[in-house]
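> When you get a sec, could you build the whole thing from the sequences and use the hints?
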Amino acid sequence: MANYDSGVTYDSGELYDAVVLATPPKRMAKSKLNLKDKSDSELGDFTQSHITAMTGNANFTTPNPAATPFATLLTNYNTALGASLAAQQAAVAATNAKDTARTALEAGLNQRASYVDSTSGGDEAKILSAGFQVREPAVPVGPLPAPVDFLATMGDLEGEIDLTWSRVRGAKSYVVQHSENVSPRVWSQKAIAPKSKVTITGCTPGAICVFRVAAIGAAGQGPWSDESVKMSP
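Residue numbers (my numbering): 22 to 254.
Among the hints, erroneous ones may be present.
[What the hints assert, rightly or not] Okay, derived cross-link-like pairs now, DSSO-like style, lysine-lysine, Cα gap no bigger than 27 Å in a straight line:
1) Lys218 to Lys193
2) Lys193 to Lys147
3) Lys216 to Lys193
4) Lys119 to Lys147
[Stated by the list, open to error] Here are the simulated distance ranges between beta carbons:
5) Ser60 to Asp177: 31 to 37 Å
6) Pro244 to Gln154: 32 to 38 Å
7) Gln154 to Ala128: 14 to 20 Å
8) Ser60 to Thr93: 18 to 24 Å
9) Ala112 to Glu63: 20 to 26 Å
10) Ser135 to Thr222: 41 to 47 Å
Treat the hints as calculated values from the structure; they're not laboratory data. Built from N, CA and C at the ideal position, the CB exists for glycine as well.
Spelled out as structure tokens, the structure:
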């Protein structure tokens, strides 16, 4: 089959203009003050720095507020701030003086109460005549209940378990026992706690630990709490 080549070439001769991109509008910047983030002293310093920067600044020849009234605003603020700081310092000094005087007065009243008790011979009517009340007679608390809200949680360090429970009225201390997670339990004393919390140390990491607690009062030890079980960290 014959191949045909016309020998004709095409050239329009036209020139195409380059695409011209539009210039983006200039960004309108605005002042950033963050006034609410500044402390009282920082606000005064910031204002003074602004006044210094504006003085003789050819970019801003007619500031609003004008220079003199604006400077007065800062002067008034600094005066009020100074008075406020002085008042705070005076209040602290006055509170300290009041606390010292109260401590001295309480000590004097305790001495007077001792004198009245001794001189009255324990006569209730005479004590009342001195303007003092009479203490209620001490009532034995009796047997203590078992602590409640007993909870074991992992401590901050390896082998530590924190124990907490609700305070038992009349308790002078608490005894804490521990057992491994076996049945029947094999209990051993782990701590005597003066408050309703204690941190147990030396537990085997990864071991399941069982605890119980009882309150100790004038009538002796009360019943055991429910068990609390926790894996040692």
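> Could you run down the list of hints and mark each one as holding or not?
Going down the list of hints, with the structure as the test:
no. : hint                         : result
1   : Lys218 to Lys193             : holds (13 Å)
2   : Lys193 to Lys147             : violated (34 Å)
3   : Lys216 to Lys193             : holds (8 Å)
4   : Lys119 to Lys147             : violated (32 Å)
5   : Ser60 to Asp177: 31 to 37 Å  : holds (35 Å)
6   : Pro244 to Gln154: 32 to 38 Å : holds (37 Å)
7   : Gln154 to Ala128: 14 to 20 Å : holds (19 Å)
8   : Ser60 to Thr93: 18 to 24 Å   : holds (22 Å)
9   : Ala112 to Glu63: 20 to 26 Å  : holds (23 Å)
10  : Ser135 to Thr222: 41 to 47 Å : holds (45 Å)
Hint compliance for this structure: hints 2 and 4 are broken, all remaining hints hold.
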